[in-house]
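Number of protein chains: 2
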Amino acid sequence: MDTKKQSINALRILAAEAIERANSGHPGIALGAAPTLYTLFTEHLQHNPKSPAYFGRDRFILSAGHGSSLLYSAFHLYGYGLTKEDLMCFRSLKSRTPGHPEHGITAGVETSTGPLGQGFANAVGFAVAEKMLAARFNKADAELINHYTYVLCGDGDMQEGITGEAASLAGTWKLGKLICLYDSNDITIEGSTDLAFTEDVGKRHEAYGWQVLRVNNGEDTEEISAAITLAKKETQKPSLIIVKTTIGYGSPKAGSEASHGAALGADALAKTKKALGWTAKPFEVPPDVTAHYKEITANLAAHEKAWNKRFNAYKTKYPEECEQFLTAAKGKAPDLTEIAELWKWPKKDIATRTACETVLNKLSDILPNLVGGSADLGPSNKTLLKGKDDFSHLTPHGSNIRFGVREHAMAAISNGIALHGGFYNYCATFLIFSDYLKHAVRMSALMGLNVTYIFSHDSIGVGEDGPTHQPVEQLLSLRSIPDAKVFRPADGKETAAAFAAALNGKGPTCIITSRQDLPHVDKTSKDALLGGYILLNSEKPVPDCIIMASGSELNLAVKAREILAVQGVDARVVSMPCMELFEAQTQKYKESVLPGSVRARIAVEAGSSLAWHRYTGLDGATVTMDAFGQSAPADILFTIYGFTAEKVAEVAKKTYRACLRKAADLPTGETDENV
Amino acid sequence: MDTKKQSINALRILAAEAIERANSGHPGIALGAAPTLYTLFTEHLQHNPKSPAYFGRDRFILSAGHGSSLLYSAFHLYGYGLTKEDLMCFRSLKSRTPGHPEHGITAGVETSTGPLGQGFANAVGFAVAEKMLAARFNKADAELINHYTYVLCGDGDMQEGITGEAASLAGTWKLGKLICLYDSNDITIEGSTDLAFTEDVGKRHEAYGWQVLRVNNGEDTEEISAAITLAKKETQKPSLIIVKTTIGYGSPKAGSEASHGAALGADALAKTKKALGWTAKPFEVPPDVTAHYKEITANLAAHEKAWNKRFNAYKTKYPEECEQFLTAAKGKAPDLTEIAELWKWPKKDIATRTACETVLNKLSDILPNLVGGSADLGPSNKTLLKGKDDFSHLTPHGSNIRFGVREHAMAAISNGIALHGGFYNYCATFLIFSDYLKHAVRMSALMGLNVTYIFSHDSIGVGEDGPTHQPVEQLLSLRSIPDAKVFRPADGKETAAAFAAALNGKGPTCIITSRQDLPHVDKTSKDALLGGYILLNSEKPVPDCIIMASGSELNLAVKAREILAVQGVDARVVSMPCMELFEAQTQKYKESVLPGSVRARIAVEAGSSLAWHRYTGLDGATVTMDAFGQSAPADILFTIYGFTAEKVAEVAKKTYRACLRKAADLPTGETDENV
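Protein sequences, first through last, are from chains B and W. Terminal number for the first sequence in my numbering: 677, no gaps in between. Terminal number for the second sequence in my numbering: 677, no gaps in between.
Simulated from the structure, these hints should not be mistaken for lab results. If you're wondering where the values come from, they're calculated on a predicted model, not measured in any experiment. Every clue listed holds true.
A pair holds if it fits inside one copy or across any two, identical chains being indistinguishable in the list.
Below, a list of computed lysine-lysine pairs in the DSS-like style, where the Cα atoms sit at most 27 Å apart: (1) K649 x K561; (2) K649 x K96; (3) K6 x K273; (4) K592 x K656.
Make a model of the complete structure from these sequences and hints.
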């Protein structure tokens with residue numbers, strides 16, 4: 003058996019052994035795609051295992067994240083620092099080898115993958131970032147940015163709609179340095195791809211504007227390598243290399259879905275080793291394989307060295323641009339609370355989407371590397387950066403990204419841009435269509451990425467477009483994502499606070515803006531960054547009741563307080579633009595805003611009540627929107643669904659009285675009231 | 003001006019006038035696509051405006067739902083019963099002409115559309131249902147089912163990933179009677195499609211296995227009609243007809259995105275009328291146009307008559323099959339609570355996905371028209387119907403639908419099948435990937451469709467696959483959808499109840515099942531259909547505390563109760579498999595399960611806490627999962643995240659004592675406790 007073949011088999015066997023030990027994992031792709039990964043890592047990928055994060059490296063993304071064991075075997079053999087023991091701890095608690103690749107846990111993992119299609123779309127984002135940075139910083143006599151993005155996909159990735167969306171954009175943008183290796187083994191979990199996947203994937207990608215190459219024998223590293231070489235040469239089109247492989251290669255389950263998602267079992271593993279001529283002890287590799295990997299990795303530091311040299315030459319010639327690049331690459335935004343002009347707003351009614359436009363454009367002046375765009379709703383979301391070009395193949399320096407009507411890919415591409423580094427980036431659509439991209443927000447949160455999501459047209463305020471366009475539950479759906487912030491500002495100042503939370507914080511922030519003008523509210527402030535704060539206090543030291551509200555309903559709370567005052571009920575108004583930030587405050591602060599002794603608490607928000615009960619409890623009440631809306635002008639809808647100052651005051655008074663009765667131990671009515 | 007042209011212009015002008023009066027709407031597509039709609043409705047669509055719902059009709063779906071005004075104009079002119087006054091009330095409260103087409107509000111609207119891509123995927127579902135019914139019921143000498151599904155799409159639909167997913171399936175399934183009219187006007191909201199949509203849509207559909215036809219002049223009704231004729235002739239492939247049109251045709255804003263989403267304005271409307279030679283008063287049409295529509299609609303009852311004749315002949319020859327068909331078409335499932343075998347379960351541990359498999363297959367025996375499938379996870383979801391064929395072009399009678407890895411299209415296609423009628427249908431994937439299809443569940447709920455969603459692999463119980471595959475917030479996200487039910491059963495009986503809720507109720511039901519075996523719980527019962535019920539009562543008339551739980555955590559509540567009993571704390575255990583059903587019970591019942599006087603309430607669920615605070619209030623506590631999980635064996639995860647009987651008992655005791663202290667007015671600690 004030749005050493006090269008055994009070196010490829012080493013990738014296979016280590017993966018299969020890790021899975022066997024964990025009794026959990028996906029051997030099929032590891033056995034099938036090993037030659038592809040080997041060829042890429044050995045002959046093409048510009049990487050330095052000893053320094054996996056240097057900026058000039060090629061990026062590699064395993065979109066088929068269930069093939070994690072293959073990636074970890076490679077990281078072990080190529081010297082990324084994963085040990086034999088790490089492989090032995092595959093899929094166990096706190097290991098560096100979790101079930102699917104997790105960015106931040108394992109050096110070399112560029113993005114967390116597993117949910118199919120996300121990694122592919124991330125890769126498009128990586129390639130966008132590379133192209134943008136190259137256009138912005140490279141000079142005729144000094145090149146700074148020039149690297150490829152490789153992504154390995156399986157049949158599952160290729161079936162997901164998000165992948166098609168992202169591929170179409172990659173074609174439009176002519177991302178010539180994006181290369182997709184499609185591990186085409188004709189098998190998915192339910193069986194042959196004939197069951198549900200008979201399309202011509204190559205032709206489809208040609209239709210998107212891709213170069214399509216075919217490798218008929220996925221065991222033939224020369225054929226694979228030649229295809230990658232051709233892919234690298236084509237600079238005007240992204241390339242899809244369809245590599246025909248055999249799932250579970252070498253095992254008795256080869257070619258069958260049985261090899262996909264469960265450990266082979268001791269017997270089949272033994273047979274696989276025998277078939278592949280493998281005799282080493284578990285988790286060991288033969289000396290010639292060790293020597294082979296040592297040889298092929300010996301010079302991998304060279305590319306980083308060359309890049310450092312390029313970088314230093316650039317720095318010398320273009321010190322100012324280099325400084326700009328470094329600032330952007332570090333991804334540290336200036337403290338927005340210090341930028342006075344963001345916090346000065348005229349005392350007039352404003353739609354928060356318009357406030358958003360103002361803030362975004364002020365930020366764009368300050369932060370040249372602010373980029374982003376909308377899923378074909380820029381003029382409606384008000385997220386276009388004025389005076390900036392579009393990002394396109396003709397103007398790759400542009401800042402406005404035109405995503406087309408492709409919400410899911412937009413968000414996942416945005417994650418890719420954020421992961422690549424070099425930009426502050428945002429994306430936008432209507433709040434209702436956050437449904438289409440929600441999982442990508444989850445991925446932003448899971449990876450702690452600073453992507454800013456701008457969702458305009460919130461609530462029944464959308465009006466005539468009707469229930470298909472009126473978000474009711476989307477606020478809650480976004481709030482439910484761990485480590486994501488949802489900010490629903492009431493005016494310009496709170497919108498500035500939302501962007502401060504987004505750019506100066508960690509993880510994604512969803513900024514929810516209104517289509518309609520919102521009545522001016524006095525007293526909003528930077529305190530919005532506390533998530534919830536006392537906007538208007540009660541006259542008494544302890545208020546009779548507390549009215550909490552966010553966004554378009556804050557003005558109702560203010561007016562309701564005035565009505566209640568006339569009726570002798572003393573209300574505190576709490577603006578709660580961001581529950582996640584409020585939850586992050588000290589218990590003392592939270593108690594100062596919402597004292598435990600005040601049980602008459604009313605929440606007002608034109609969205610689902612479920613997020614509010616933690617503050618209103620069993621004795622409070624909610625004026626919320628728990629049903630689908632209707633098609634009618636917005637003002638009519640707000641009235642019929644009870645979003646008026648009078649109704650809020652009425653509910654508050656009733657709640658206050660019920661709490662009084664309860665405190666006095668008198669018979670009560672209902673414990674909770676939804677209006 | 004010839005009458006036919008003016009009849010087409012009548013569609014345009016009425017639409018533009020309705021929009022103008024509402025000062026809201028989308029004139030661009032109405033002006034551009036009028037000849038296409040006219041040609042279809044006049045020369046091809048088999049429909050009867052006087053009886054818009056007869057089963058044998060062709061289906062027409064306006065996927066580009068923002069073109070509602072065009073559809074309403076057509077419904078007016080073709081005699082569907084929409085009056086001039088209805089058009090004048092466009093987009094106003096309670097009108098029959100809401101902003102986007104709403105199924106159930108306006109006769110003739112086959113499905114609610116607006117969120118792009120949904121209607122297209124619905125149409126694929128309609129065509130699937132037609133093909134399935136034809137295969138099941140048609141006889142060599144008696145044809146019952148034979149109709150086309152037409153769908154009108156715009157550029158936005160064509161960019162959405164869901165559309166690509168659905169188109170790929172339509173190609174695989176060779177849905178020859180699906181015909182898509184693609185209104186290709188090269189304009190989207192942000193401007194020219196060159197900005198973000200440069201792919202070759204025709205070639206892409208050829209790659210999916212479609213016939214692609216082109217109409218170069220979207221004003222030429224003969225060219226359009228010829229293309230539709232060719233499309234109808236091709237029975238082995240779905241057809242895409244790319245109709246090149248001009249957005250905003252006839253108006254001063256023709257060819258510009260300015261015509262897309264706002265009323266033309268009085269001046270532009272006047273100019274449009276002039277350009278089109280239109281002189282009639284607002285909302286009126288010239289007599290020759292009225293006469294023309296009278297003429298072309300005169301014989302539209304003929305197809306229904308012919309269908310009735312076919313139906314009666316069938317009934318005579320095949321009375322039994324006809325009865326089966328009628329039962330299925332009515333969509334009324336037998337009362338599952340009456341089917342004894344569904345409620346008999348051995349006293350042993352069971353994964354609820356396995357219980358689901360048992361119930362599904364028992365139902366499949368009883369209900370031959372039960373169909374459904376998974377997004378390539380059938381063996382994992384355990385949703386395959388044993389002994390039934392796959393639905394495919396070779397076996398169109400099959401019951402198992404192989405959706406491939408296409409969650410979003412799967413759900414929207416399922417909506418189409420449900421809307422078409424003739425089946426009880428379900429679809430399935432992992433709970434984590436409910437994110438990918440959530441908006442289609444929303445559409446099921448908005449339309450009150452009885453689609454059953456089966457989401458297996460709930461919670462950190464997924465184990466080694468890690469945080470990318472462990473649903474944390476998805477339960478809440480689904481619960482947030484108005485009019486949808488989320489059922490998380492704890493065992494076989496509760497799983498049966500979940501299906502009873504699904505098939506005997508209205509609207510969609512999401513059934514959430516576990517991957518792992520769940521310890522056997524005594525005393526579960528059909529009471530699960532109440533949503534929440536007392537599983538084990540306290541010894542005292544009023545319990546010291548109440549522990550609520552669902553699914554995999556119910557057994558923890560039971561064991562915690564035993565631990566507490568030893569410690570002298572008397573707990574009631576409430577099983578809460580379906581909050582929406584519980585909420586629908588009387589206040590009296592709810593009070594009997596959760597008495598207002600008991601404040602020591604603990605919720606235990608391996609998911610987001612936000613859904614539970616309405617029951618636990620400010621004084622209760624939650625043992626929930628509000629962070630991302632980790633990759634490790636499930637039992638380890640349950641332990642480290644506090645899902646043990648001991649921890650639940652500890653939290654319950656602490657909560658009970660804190661409530662006691664509060665009642666005695668002693669100083670308290672924190673008001674809420676998350677573990």
